[in-house]
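Spelled out, the chains give:
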Amino acid sequence: MKLKKYISLTRAGIMESLHFRLGTVVMVIGNLLYLIVVYFLWKAIYASAGTDVVNGMTFTDTLIYLVLATALFGFMEMYTVWEIGRNIQSGKIVLDLLKPMEYRRYLFWSYSGSFVTQFFFTFLPTFIIVGIVTHGAIPLGTNLLFFVISVIMAVSINYSIDFFVGTICLFTESIWGINIMKQVIVLLLSGATIPIAFFPETLKTIVYYLPFQSIYNAPLTLLLDGNPKNETVLTILSTQLIWCIVMMILSKLFWKVSLRQITVNGG
Amino acid sequence: MSAIIQIKNVTKEFKVLNRREGLKGSLKDLFSRDYKIVRAVDNISMNIEQGEIVGYLGPNGAGKSTTIKMMTGVLEPTSGEILVSGNIPYQNRAKNAQEIGVVFGQRSQLWWALPLIESFKLLKDIYQISDSDYESMMHLYRSLVDIEPLLHKPVRQMSLGQRTLSDILAAFLHNPKIVFLDEPTIGLDVSMKSKIRILINALNKEKNTTVILTTHDMGDVDALCQRIVIIDKGKMLYNNDIEHLKGFFGSYRTLKIRIDGDLKQQAEVIQKSLPEFSVSADEEWISILVDEEKSKIMEVLHQLQKSHEMRDMQLQEISTEEIIKKIYEEGVE
Chain A
16 MKLKKYISLT
26 RAGIMESLHF
36 RLGTVVMVIG
46 NLLYLIVVYF
56 LWKAIYASAG
66 TDVVNGMTFT
76 DTLIYLVLAT
86 ALFGFMEMYT
96 VWEIGRNIQS
106 GKIVLDLLKP
116 MEYRRYLFWS
126 YSGSFVTQFF
136 FTFLPTFIIV
146 GIVTHGAIPL
156 GTNLLFFVIS
166 VIMAVSINYS
176 IDFFVGTICL
186 FTESIWGINI
196 MKQVIVLLLS
206 GATIPIAFFP
216 ETLKTIVYYL
226 PFQSIYNAPL
236 TLLLDGNPKN
246 ETVLTILSTQ
256 LIWCIVMMIL
266 SKLFWKVSLR
276 QITVNGG
Chain B
329 MSAIIQIKNV
339 TKEFKVLNRR
349 EGLKGSLKDL
359 FSRDYKIVRA
369 VDNISMNIEQ
379 GEIVGYLGPN
389 GAGKSTTIKM
399 MTGVLEPTSG
409 EILVSGNIPY
419 QNRAKNAQEI
429 GVVFGQRSQL
439 WWALPLIESF
449 KLLKDIYQIS
459 DSDYESMMHL
469 YRSLVDIEPL
479 LHKPVRQMSL
489 GQRTLSDILA
499 AFLHNPKIVF
509 LDEPTIGLDV
519 SMKSKIRILI
529 NALNKEKNTT
539 VILTTHDMGD
549 VDALCQRIVI
559 IDKGKMLYNN
569 DIEHLKGFFG
579 SYRTLKIRID
589 GDLKQQAEVI
599 QKSLPEFSVS
609 ADEEWISILV
619 DEEKSKIMEV
629 LHQLQKSHEM
639 RDMQLQEIST
649 EEIIKKIYEE
659 GVE
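Protein sequence lines, in the order shown, are assigned to chains A and B.
By this note's numbering, the letter at position 263 of the first sequence is numbered 278, and the numbering carries on one by one without gaps.
By this note's numbering, the letter at position 255 of the second sequence is numbered 583, and the numbering carries on one by one without gaps.
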């Protein structure tokens, strides 16, 4: 019975996102353009490198990685920071706070409908196209299962980070700068724009200790590795789980403290 | 019966940044900040009973919204106690949320892109309304307003009036004990205003819902409220029923007479014969503001009749609007 209210929010989210047909089409086209740029950029990089394998990745490897990262981005990006910021500026947040549900959950489930539509409209088609075009370069085995588990945790980590950053909007009342900063940091350090294999050694070590690589690098590594060692899978998934829990606690705590601050001092 | 809302000596203070002037000031603000404390609500106490419709009035910036936000649990009072249906709102916001419904005139809680019925279904699940309660509420709605054409219309295509009506229905949907309406009739045309007033009244009667209404429209007050609370600059000025308010200032009535000759001159003459009242004249009428506690209006009329030949007369009761204006401007002695 408790779950029903969340499912309803998902349902409304799906209906709402299907409502904006043009928006979906534009997003698909935008993604395509980005992928074309990526294709030519990396083609040039490999051509100038002179070898087939750079940092242990072939051109095809890199391309598959980046294409799927883009698809994942379309799927996972929730625009939470925008949403929170806008709600604060317009004052709508007061109405959302007065729902008999935790705001953090309410926002997540309100958006969750888009996961479903994005999965079917961007991720799945991209995945199938990449699979066909590369003649089965993506292995299909237990790695798919690991990938799904990993993506679920990635979504949670991504949302926690977004929510944490969104909470900052309570204080700054500006959204744009904070959002851009977050996006750049997350996309770069998570390996969504450049595969982490290409990072210099020191940066690689630093990134390894940050939560961001658990968002894009972890699920993609699991997906693209045809027969991974059990040890690797375990390390990646448990790292994700730890970040999942830590970020959730942090974002919840920060929200609680901030909201108290706001309710005490007025917003 | 104990009151559904109890407010005891509630004060709310805000810390406000004192911004300095000019570019230099803005730069200084980056480094050292100078806060001042603003008291938005100052020692307010009141009790509201189940089923009452209370008008909560005050000029802009009087602290009305702040009080409402404290009652809903969005803000925490600096000092004092608030109990809403037995809960302390800010400590137990989710539980409190089940008991209250809110409409903020300018914002909508409905799902913008979806038909109204979908918003209702969502609210049904969010508030965990049982099927039978939901059905009986919809049945009631159908009997009160022509809701069918609205149900399948996306909210963003609605007119402001339809949207406000829908928002009010949405706020009552989970049959809350208390509904807060913050300027529900703002920007609406006359017929929509009256529709909404009738609806609020009917829902209040039918479900015995307590309604707290803030408004600047005295028509709302006259049509809906049994009791009004007026605050200004955070302080409570008035808290009693409307009848009492009228009695308070209603001992004043304006007598208007028309006589021949130069009105200005005549007015001066009348002023001399009635020194305890204020007399004024415009192009058509001489107005005498009579305090009936000092002498009866008939006596004044009788006296005037002896000295002047009147061609016409009018008697004006003071309206709620004028009383409230008077209270805003002068306060209650």
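Among the hints, erroneous ones may be present.
For lysine-lysine, the following DSSO-like pairs were computed, each having C-alpha atoms within a straight-line distance of at most 30 Å [as the list claims (entries may be wrong)]:
| id | chain 1 | residue 1 | chain 2 | residue 2 |
| --- | --- | --- | --- | --- |
| 1 | A | Lys114 | B | Lys533 |
| 2 | A | Lys114 | B | Lys584 |
| 3 | A | Lys107 | B | Lys634 |
| 4 | A | Lys244 | A | Lys219 |
| 5 | B | Lys336 | A | Lys114 |
| 6 | B | Lys535 | B | Lys423 |
| 7 | B | Lys535 | B | Lys523 |
| 8 | B | Lys653 | B | Lys624 |
| 9 | A | Lys17 | A | Lys107 |
| 10 | B | Lys533 | B | Lys449 |
| 11 | A | Lys267 | B | Lys423 |
| 12 | A | Lys114 | B | Lys343 |
| 13 | A | Lys271 | B | Lys343 |
| 14 | B | Lys505 | A | Lys19 |
| 15 | A | Lys17 | B | Lys600 |
| 16 | A | Lys107 | B | Lys561 |
| 17 | B | Lys634 | B | Lys600 |
Read the hints as simulated data drawn from the structure, not as lab findings.
Going through the hints against the structure:
1. A:Lys114 <-> B:Lys533: Holds - the C-alpha atoms of B:Lys533 and A:Lys114 are around 25 Å apart, at most 30 Å.
2. A:Lys114 <-> B:Lys584: violated, 55 Å
3. A:Lys107 <-> B:Lys634: violated, 66 Å
4. A:Lys244 <-> A:Lys219: holds, 21 Å
5. B:Lys336 <-> A:Lys114: Holds, at roughly 26 Å.
6. B:Lys535 <-> B:Lys423: holds, 20 Å
7. B:Lys535 <-> B:Lys523: holds, 18 Å
8. B:Lys653 <-> B:Lys624: holds, 25 Å
9. A:Lys17 <-> A:Lys107: holds, 25 Å
10. B:Lys533 <-> B:Lys449: This hinted pair holds, its Cα atoms lying about 25 Å apart.
11. A:Lys267 <-> B:Lys423: holds, 19 Å
12. A:Lys114 <-> B:Lys343: Given pair A:Lys114, B:Lys343 holds - Cα atoms ~27 Å apart, limit 30 Å.
13. A:Lys271 <-> B:Lys343: Distance ~20 Å between A:Lys271 and B:Lys343 Cα, so the pair holds.
14. B:Lys505 <-> A:Lys19: holds, 24 Å
15. A:Lys17 <-> B:Lys600: violated, 78 Å
16. A:Lys107 <-> B:Lys561: Satisfied, since the Cα-Cα distance of roughly 25 Å is no more than 30 Å.
17. B:Lys634 <-> B:Lys600: Distance of about 15 Å is within 30 Å: holds.
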